[in-house]
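Colleague: Chains as they are written, first to last, in our numbering: chain P, 145 to 330; chain D, 145 to 330.
There's no promise every hint is true.
Pairs involving identical chains hold if they fit within one copy or between any two copies, as the list cannot separate such chains.
[Unchecked claim] Derived pair list, reagent style PhoX-like, types lysine-lysine, alpha-carbon separation capped at 25 Å:
id : residue 1 : residue 2
1  : 281       : 239
2  : 169       : 246
3  : 317       : 239
4  : 189       : 302
5  : 317       : 302
6  : 302       : 186
7  : 169       : 302
8  : 320       : 302
9  : 281       : 169
10 : 246       : 302
11 : 302       : 239
12 : 281       : 320
13 : 239       : 189
14 : 239       : 320
By construction, these hints were calculated from the structure, which means they are not laboratory data.
Number of protein chains: 2
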Amino acid sequence: MANNNQGRLRFTLHPVGIIKNEIEKPVLSATEDGIELTSHLKHTKEHHQWVETRVSEIEIYPEYDGILDGIEDFSHIMVLYWPHLIPEECRRLRKVHPMGRKEFPEKGIFSTCSPVRPNPVLITTVRLLSREGLVLKVRGLEAVNESPLIDIKPFVPKSHSPENVTVAGWMKKIHKGMDLENRGSS
Amino acid sequence: MANNNQGRLRFTLHPVGIIKNEIEKPVLSATEDGIELTSHLKHTKEHHQWVETRVSEIEIYPEYDGILDGIEDFSHIMVLYWPHLIPEECRRLRKVHPMGRKEFPEKGIFSTCSPVRPNPVLITTVRLLSREGLVLKVRGLEAVNESPLIDIKPFVPKSHSPENVTVAGWMKKIHKGMDLENRGSS
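Excised from the complex, chain P in its bound form (with noise of 0.2 Å):
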């Protein structure tokens, strides 16, 4: 913790880990400027629907050996995640075109789940599969290989999923086009 020239506090994220998996490309490229797909949008649906799929492997270091135990009682679990390969200048960013496409007007960056943020701590939710010492397998991770790890919490549907929930018109449209499944991510 620590007072930055506006004496506002600050804090330090220490990466507590790795993730490990096959996905090199973000779905998302980002300049000071804004979001833009990193492929045409139908290939953009293949790469979800195979992001889907994929297993990811999750390794926490050694000097937090103890942190996991009890996890392998939640089936679901939050991964908290840094997306490194996002230009720290991007952080500067107030409104975006959401997913980067300019058919939709801009929205203000808390009202979607850009990966360019002032704060770009990521979430996704997913299935655990299992663990082995200090290291997860999970299925439908969006991060891509080698993001660092920043936190994991159990998923619990009682504090987790509210009821009567309403969502922007352009983001069901944007999902209508994707097919989302009802899994988990952010």
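Put chain D on the given structure of chain P with help from the hints.
Modeller: Frame of chain P; chain D shown alone:
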């Protein structure tokens, strides 16, 4: 982004706003030895039920103007904040008794919702009541008054509510004792 002395990355969080409410005291206190309930269990349950009904204001700092645009089209949001009253040295803990209750065996922190964690980015999913400029009103935010705000994301059931979820037996017992409603906090 910087490297620490093990050559690993570190990341800096810059709070983007502040949470204002009537909650002055966290349910759990923390020391280097672990977490403890700050009051008798009966009062903890009453405190939780009281928090569920409280309205908090989330004030975004002026330099982030625009970042909330469109958020009013979502009924629920995920609020990421830093538990600023938890001492920094608690980040070294690896295991805790769930909810500080010694009758439950210690569990690894990643299998609990403890506010004590190596990177204490806490998440509560709440009902968005209103937006006025850079101020949001929400109900049921568990953060104590003046908690620094890290991020806000729209809550999207398709992404954040997996199905067929199982949770650990000890957590079910704790929830049963708390009469927890189906709402949102981690």
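Colleague: What are the numbers of the hints the structure violates, in ascending order?
Modeller: Violated hint (a single one): 12; every other hint is consistent with the structure.
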